[in-house]
Amino acid sequence: MRLENMMITAQMEIAPKIFQVTLRGALAQTLETPGQFIHVQIEKSIDPMLRRPLSICDVDMDKQELTLIYRVEGKGTKRLSEKKLGEEVNVLGPLGEGFPIEEVKENDTCLLVGGGVGIPPLYYLAKQLVKKGANVITILGFRSEGDIFLESEFEQLGKVIITTEDGSKGTLGFVTDAIHDLTEEYSVYYTCGPKGMLRAVENSIVSPGYISLEERMGCGVGACLACVCDLAEANVETGKVYAKICSDGPVFKAGEVII
Amino acid sequence: MRLENMMITAQMEIAPKIFQVTLRGALAQTLETPGQFIHVQIEKSIDPMLRRPLSICDVDMDKQELTLIYRVEGKGTKRLSEKKLGEEVNVLGPLGEGFPIEEVKENDTCLLVGGGVGIPPLYYLAKQLVKKGANVITILGFRSEGDIFLESEFEQLGKVIITTEDGSKGTLGFVTDAIHDLTEEYSVYYTCGPKGMLRAVENSIVSPGYISLEERMGCGVGACLACVCDLAEANVETGKVYAKICSDGPVFKAGEVII
Amino acid sequence: MNRLEVNLPGLVMKNPVMPASGCFGFGQEYAKFYDLNRLGAICVKAVTVERRSGNPTPRVAETPGGMLNAIGLQNPGLEHVLQHELPWLEKYESPIIVNVAGNLPEDYMEVAREISKVKNVNAIELNISCPNVKEGGIAFGTNAQTAADLTEKVKSVSKVPVYVKLSPNVTDIVEIAKAVESAGADGLSMINTLLGMRIDLNTGKPILANRTGGLSGAGIKPVAIRMIYEVSQKVQIPIIGMGGIFEVDDILEFMMAGASAVAVGTANFIDPFACPNLIDGLEERLDELGFDSLTSIVGRSSALCNLNHVR
Amino acid sequence: MNRLEVNLPGLVMKNPVMPASGCFGFGQEYAKFYDLNRLGAICVKAVTVERRSGNPTPRVAETPGGMLNAIGLQNPGLEHVLQHELPWLEKYESPIIVNVAGNLPEDYMEVAREISKVKNVNAIELNISCPNVKEGGIAFGTNAQTAADLTEKVKSVSKVPVYVKLSPNVTDIVEIAKAVESAGADGLSMINTLLGMRIDLNTGKPILANRTGGLSGAGIKPVAIRMIYEVSQKVQIPIIGMGGIFEVDDILEFMMAGASAVAVGTANFIDPFACPNLIDGLEERLDELGFDSLTSIVGRSSALCNLNHVR
Ligand SMILES: Cc1cc2nc3c(=O)[nH]c(=O)nc-3n(C[C@H](O)[C@H](O)[C@H](O)COP(=O)(O)OP(=O)(O)OC[C@H]3O[C@@H](n4cnc5c(N)ncnc54)[C@H](O)[C@@H]3O)c2cc1C
Ligand SMILES: Cc1cc2nc3c(=O)[nH]c(=O)nc-3n(C[C@H](O)[C@H](O)[C@H](O)COP(=O)(O)OP(=O)(O)OC[C@H]3O[C@@H](n4cnc5c(N)ncnc54)[C@H](O)[C@@H]3O)c2cc1C
Ligand SMILES: Cc1cc2nc3c(=O)[nH]c(=O)nc-3n(C[C@H](O)[C@H](O)[C@H](O)COP(=O)(O)O)c2cc1C
Ligand SMILES: Cc1cc2nc3c(=O)[nH]c(=O)nc-3n(C[C@H](O)[C@H](O)[C@H](O)COP(=O)(O)O)c2cc1C
Ligand code: FES
Ligand code: FES
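Protein chains in written order, with the working numbering: chain A, 164 to 422; chain B, 164 to 422; chain C, 420 to 730; chain D, 420 to 730.
These are computed hints drawn from the structure, not numbers from a lab. Every value quoted in this text rests on a predicted model; they were computed, and no experiment measured them. Some clues are possibly wrong.
To be verified - If you want a taste of the chain B side facing chain C, the calculated C-beta under 7 Å gives, among others: (1) Ile209; (2) Asp210; (3) Pro263; (4) Pro371; (5) Tyr373; (6) Val384; (7) Leu388; (8) Ala389.
To be verified - Below, simulated PhoX-like cross-link-like pairs (lysine-lysine); rule was C-alpha separation at most 20 Å, straight line: (9) B:Lys207 - A:Lys238; (10) A:Lys207 - B:Lys294; (11) A:Lys207 - B:Lys246; (12) A:Lys322 - A:Lys295; (13) A:Lys207 - B:Lys358; (14) A:Lys246 - B:Lys247; (15) B:Lys246 - A:Lys247; (16) D:Lys536 - D:Lys572; (17) A:Lys246 - B:Lys207; (18) B:Lys207 - A:Lys247; (19) C:Lys536 - C:Lys597; (20) A:Lys207 - B:Lys403; (21) A:Lys226 - A:Lys322; (22) D:Lys510 - D:Lys538; (23) D:Lys433 - D:Lys553; (24) D:Lys536 - C:Lys653; (25) B:Lys247 - A:Lys247; (26) B:Lys268 - A:Lys207; (27) C:Lys538 - C:Lys578; (28) D:Lys538 - D:Lys597; (29) A:Lys241 - B:Lys207.
Even for Gly, the Cβ is constructed at its ideal location relative to N, Cα and C.
Given these sequences and hints, build the entire structure.
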């Protein structure tokens with residue numbers, strides 16, 4: 164966990180309102196697990212004031228570069244998208260507990276299910292899994308053909324199934340439709356996306372899995388309790404009935420927390 | 164009176180914390196009288212939020228350029244000083260009633276007395292007076308030798324007397340000391356500077372004169388009543404007992420308002 | 420039909436946007452920038468019986484996300500307003516609201532009586548919330564009974580609808596709103612400024628000569644939204660909402676919270692075209708969000724919350 | 420001597436800066452960033468008798484110049500704090516203040532009694548101002564008599580000095596401050612958050628699941644300064660000032676207004692090093708402004724105003 168000014172070394176719009184940005188700084192080398200996020204101060208101002216949590220999509224340890232993919236939602240992401248190469252943003256991170264991959268063995272098949280801007284953290288995960296010799300199947304859900312991003316990148320790592328809500332490309336419908344149609348076996352799944360999707364995915368799959376959650380955040384480091392979610396069962400050790408998404412998550416074992 | 168984005172075409176520190184900036188835009192051509200000011204929105208933000216009033220120091224109608232000289236005081240002027248060439252600021256202006264020069268005739272001698280960042284508006288005034296064939300004597304008060312600016316520029320327009328509070332250059336003391344020592348006759352004086360100085364100048368000189376006032380402003384256009392000062396006598400026509408510095412001023416006849 | 424139209428007691432407004440009292444003088448200054456007929460209504464500076472000089476300067480100070488003012492109800496007095504300011508406004512069609520202040524109930528009554536007779540005055544805004552004067556102003560706005568009494572008195576003499584302008588510097592604004600409603604108020608204006616102060620580190624003293632001032636601007640918006648949301652659910656009379664409106668979305672937020680129209684104050688100082696720009700942006704934004712009319716979104720927030728329990 | 424040192428009842432502080440309750444957990448998170456011994460004091464999250472889960476999410480929403488929170492006093496409960504949180508803090512020398520909350524006076528008394536026995540607890544901050552809970556909290560802080568009664572009860576069982584944390588959501592904060600002083604409070608903390616709301620235009624509903632929340636951050640500073648200025652002139656007990664402290668100059672402004680120490684809340688979220696950075700900057704700034712000690716500037720503003728009448 165560091166606090167560092169990182170320099171923007173690349174930025175482009177890869178789909179409508181979806182931007183990919185690359186940040187350079189030593190912090191990049193401290194990433195521990197795929198699925199961690201950074202807390203970005205878009206500018207030193209009181210409006211926007213709070214940091215914005217954004218998942219790490221890819222890392223280049225040698226070049227000391229992090230890549231993020233984000234959707235322009237409100238003021239903060241708008242401003243970020245307007246930043247030019249060479250400009251700096253202050254970054255706190257890497258934060259949180261990412262996707263655990265220790266138990267994945269060579270030739271295991273892993274299913275990755277992502278929706279919209281929940282897709283980015285799955286990319287570095289996929290790369291790490293492939294590195295371990297695992298097979299990766301990825302289901303990516305979008306609204307429409309025009310919104311698709313990262314498809315070819317994932318294709319280089321394994322089989323990719325695209326779903327679109329309007330059927331303009333790939334499977335018509337939601338990621339869960341593609342999950343049902345799936346013939347392959349897999350030992351574990353990893354998913355990130357809107358809450359509704361996560362719930363549906365969790366209910367569709369019996370294999371063990373991991374889900375990555377989002378919540379509005381204050382501190383990003385576990386101090387303010389803005390980002391809690393309920394644990395399905397109280398933690399026996401600590402007696403805690405809740406988890407902090409920023410520091411206990413954002414990734415939880417499927418079933419561990421109530422979505 | 165216009166509202167326009169003007170581009171910064173020059174900016175430099177001409178004395179410690181004193182910056183000279185040049186702004187380009189059609190608004191420059193609408194200046195009516197020397198001593199008018201512009202209300203500058205340093206950036207579209209809520210902090211700093213209000214515009215900053217700054218006097219027009221010089222105008223180049225052909226090039227459509229305004230020059231300002233300002234001291235870095237707080238947040239707004241600090242940010243302005245950090246702006247780079249090519250960046251824009253939003254300008255409302257020209258505002259207010261400047262120094263009247265209609266009654267000055269050829270060969271009249273005019274005394275200009277300025278202190279610190281009260282000096283800039285006197286420069287364009289001096290140029291206009293010289294253009295009318297008048298003689299200009301300028302007394303410029305600074306804290307110390309290092310703080311001096313615009314000396315050579317004024318010297319090209321007439322006699323210049325420098326006073327410094329520490330005596331490091333020119334007359335030791337205040338502008339009023341130089342006024343007392345003055346041997347030349349003059350038909351009118353114009354002054355701008357800190358309130359204490361304006362009071363002292365008004366009390367030292369019997370010739371008719373004009374003083375330029377400063378006050379914290381809201382709107383800059385006469386609507387909010389932030390910037391009033393008391394009239395020495397109620398205006399017979401309107402019954403008004405006060406004047407608005409932003410729209411009735413910033414220049415008043417000496418004795419017209421209570422400083 | 421004009422989708423931006425809103426109708427409030429005494430006020431047929433072609434759009435919901437008016438300048439806030441005290442931030443627009445009597446209209447003459449901003450008339451140099453645009454046609455005042457563009458405005459949904461025009462709310463002018465506070466008027467008192469006698470001419471007032473207000474507080475000593477400095478009267479404004481910037482704060483993070485806002486500004487403090489302590490103008491102190493400076494105005495040329497009832498007589499002058501009747502003879503000069505209101506006649507000048509006759510050339511405009513936009514309804515006019517006059518903000519009325521005083522030290523004693525009798526003062527308020529006198530101004531209200533005379534002002535409301537003027538043919539181009541459509542409503543009165545009863546200022547019981549000015550934080551910058553020693554007598555009158557906020558003193559009437561912090562106690563429900565006092566506020567109600569004054570409202571009743573002014574109602575008894577006013578020929579036009581009376582909007583009571585509430586102070587946010589109270590423990591229970593709902594109580595005060597209900598009291599003035601019972602006393603006959605036709606509408607509410609809220610919020611006036613929050614009491615604040617800024618100290619100049621160089622002098623060690625408050626920047627404002629009056630020491631304290633009223634805080635306005637973007638930073639107070641959440642307080643305004645909360646109060647309007649709460650009050651709108653407990654009163655039947657319409658609310659003119661204000662406090663930190665800078666952007667088109669702010670207007671929608673105020674209306675969803677429960678305001679039927681809005682007023683723009685501080686934003687005029689930053690952009691003289693603030694009001695017409697907001698009006699222009701509003702129609703566009705309605706399309707984007709898919710709303711048929713503005714009136715349909717008033718109070719939408721609480722309606723939705725009551726329908727389907729928040730999560 | 421250390422120029423930054425300030426001494427308040429129960430608190431010998433090497434500098435006037437502490438984190439504000441609720442913005443620093445029980446210290447463990449920020450201890451990963453720096454040595455907590457750098458802090459003048461440590462104020463921890465509100466503790467209630469029972470474990471609390473707080474409000475549903477979303478619990479925070481950004482606003483212009485500030486943020487709303489509606490955490491709702493989530494905390495692991497008295498027992499857990501006694502057994503885990505406070506022992507963990509034993510390794511630090513900085514004095515510790517525990518924020519105490521509850522539904523009933525008896526709850527407050529129980530927490531205060533037990534907490535104040537702990538050897539590394541130096542003071543209690545009585546939270547009668549949390550705007551995000553239905554019972555207790557702000558309900559105790561908006562009425563002078565209720566606030567005084569509770570203060571007296573807690574004082575009767577506390578072994579350490581009691582600071583009463585006041586709510587700004589009141590008509591007359593001076594009255595409440597005086598009442599709790601008479602009831603035996605050793606000091607005051609002010610201000611807690613302003614009640615606010617933000618509406619999500621896309622859903623039409625308040626963003627916070629709790630609908631309203633507490634407004635903190637830069638934008639509320641002028642309100643805090645005004646209240647501290649007013650209260651400090653009417654009470655003898657010291658004030659811990661807070662509300663929008665982001666910069667070194669803000670600390671000086673609070674102290675000139677009348678605060679004897681300060682707390683930093685929201686700023687920690689933007690910069691985890693906010694507190695140590697402010698402490699570092701403070702000494703430098705004292706030199707620049709030519710002050711010999713920090714204590715000499717406390718209340719400087721009103722002292723100056725009373726000496727030479729403002730203009
Ligand atoms: C752990 C985590 C990882 C994330 N990763 C990504 C990512 O890789 N790509 C991406 O596009 N988005 C991601 N998000 C969502 C992203 O943080 C928000 O879209 C963003 O903060 C919105 O900021 P804004 O200023 O544009 O919007 P505004 O609405 O102006 O934001 C106002 C406030 O609300 C918060 N907020 C608004 N929407 C969300 C949201 N959905 N989740 C959390 N906070 C929110 C903001 O952080 C800010 O504090 C992630 C969120 C979390 C919690
Ligand atoms: C008509 C007029 C002409 C001026 N011309 C010049 C000039 O040519 N060169 C120059 O250096 N300065 C000039 N000033 C002063 C200049 O406006 C202030 O120094 C500047 O606004 C300070 O802004 P800041 O953000 O740096 O300081 P801050 O202290 O951060 O400003 C906060 C607020 O206080 C106001 N303020 C602070 N000091 C003053 C002041 N002395 N006068 C008016 N408002 C103030 C600001 O406008 C702003 O609203 C002029 C002022 C007026 C009224
Ligand atoms: C400079 C200034 C003067 C004001 N004068 C008055 C006034 O005379 N009467 C009144 O009721 N409100 C007055 N107000 C309050 C505004 O009408 C409005 O309620 C408040 O500023 C909040 O809106 P805003 O944040 O958009 O400015 C004044 C506000 C400012 C900033
Ligand atoms: C997320 C959050 C949680 C808070 N929790 C508490 C609390 O438990 N007890 C309390 O007395 N104040 C609490 N507060 C209020 C702060 O202690 C402080 O009074 C307020 O935020 C103003 O300071 P600031 O502007 O520096 O944040 C909380 C504030 C925030 C933002
Ligand atoms: S964001 Fe503060 S605890 Fe998670
Ligand atoms: S600044 Fe508004 S009237 Fe002069």
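Verification of the supplied hints:
1. Ile209: At about 4 Å, which falls below the 7 Å cut-off, the nearest Cβ of chain C leaves the hint on B:Ile209 intact, so it holds.
2. Asp210: Constraint on B:Asp210 satisfied, holds at 5 Å.
3. Pro263: This hint is violated: B:Pro263 lies away from chain C, its Cβ roughly 21 Å from the closest one there, beyond 7 Å.
4. Pro371: violated, 26 Å
5. Tyr373: violated, 20 Å
6. Val384: This hint holds: B:Val384 lies near chain C, its Cβ roughly 5 Å from the closest one there, short of 7 Å.
7. Leu388: holds, 5 Å
8. Ala389: With Cβ-Cβ at 4 Å, under 7 Å, it holds.
9. B:Lys207 - A:Lys238: holds, 13 Å
10. A:Lys207 - B:Lys294: violated, 48 Å
11. A:Lys207 - B:Lys246: It holds: about 16 Å lies between the C-alpha atoms, which stays within 20 Å.
12. A:Lys322 - A:Lys295: holds, 16 Å
13. A:Lys207 - B:Lys358: Violated - the C-alpha atoms of B:Lys358 and A:Lys207 are around 35 Å apart, more than 20 Å.
14. A:Lys246 - B:Lys247: holds, 16 Å
15. B:Lys246 - A:Lys247: With a Cα-Cα distance of about 16 Å, the restraint between B:Lys246 and A:Lys247 holds, given a limit of 20 Å.
16. D:Lys536 - D:Lys572: Judged against 20 Å, a Cα distance of about 16 Å means the pair holds.
17. A:Lys246 - B:Lys207: holds, 16 Å
18. B:Lys207 - A:Lys247: Roughly 18 Å between the alpha carbons, so the hint for B:Lys207 and A:Lys247 holds.
19. C:Lys536 - C:Lys597: violated, 27 Å
20. A:Lys207 - B:Lys403: violated, 45 Å
21. A:Lys226 - A:Lys322: violated, 28 Å
22. D:Lys510 - D:Lys538: holds, 12 Å
23. D:Lys433 - D:Lys553: The hint is violated at about 38 Å.
24. D:Lys536 - C:Lys653: violated, 46 Å
25. B:Lys247 - A:Lys247: With a Cα-Cα distance of about 15 Å, the restraint between B:Lys247 and A:Lys247 holds, given a limit of 20 Å.
26. B:Lys268 - A:Lys207: Distance ~54 Å between B:Lys268 and A:Lys207 Cα, so the pair is violated.
27. C:Lys538 - C:Lys578: Between C:Lys538 and C:Lys578 the Cα gap is close to 10 Å, so the pair holds against 20 Å.
28. D:Lys538 - D:Lys597: Answer violated: D:Lys538 to D:Lys597 is near 30 Å, above 20 Å.
29. A:Lys241 - B:Lys207: Roughly 15 Å separates the two Cα atoms, so the pair holds.
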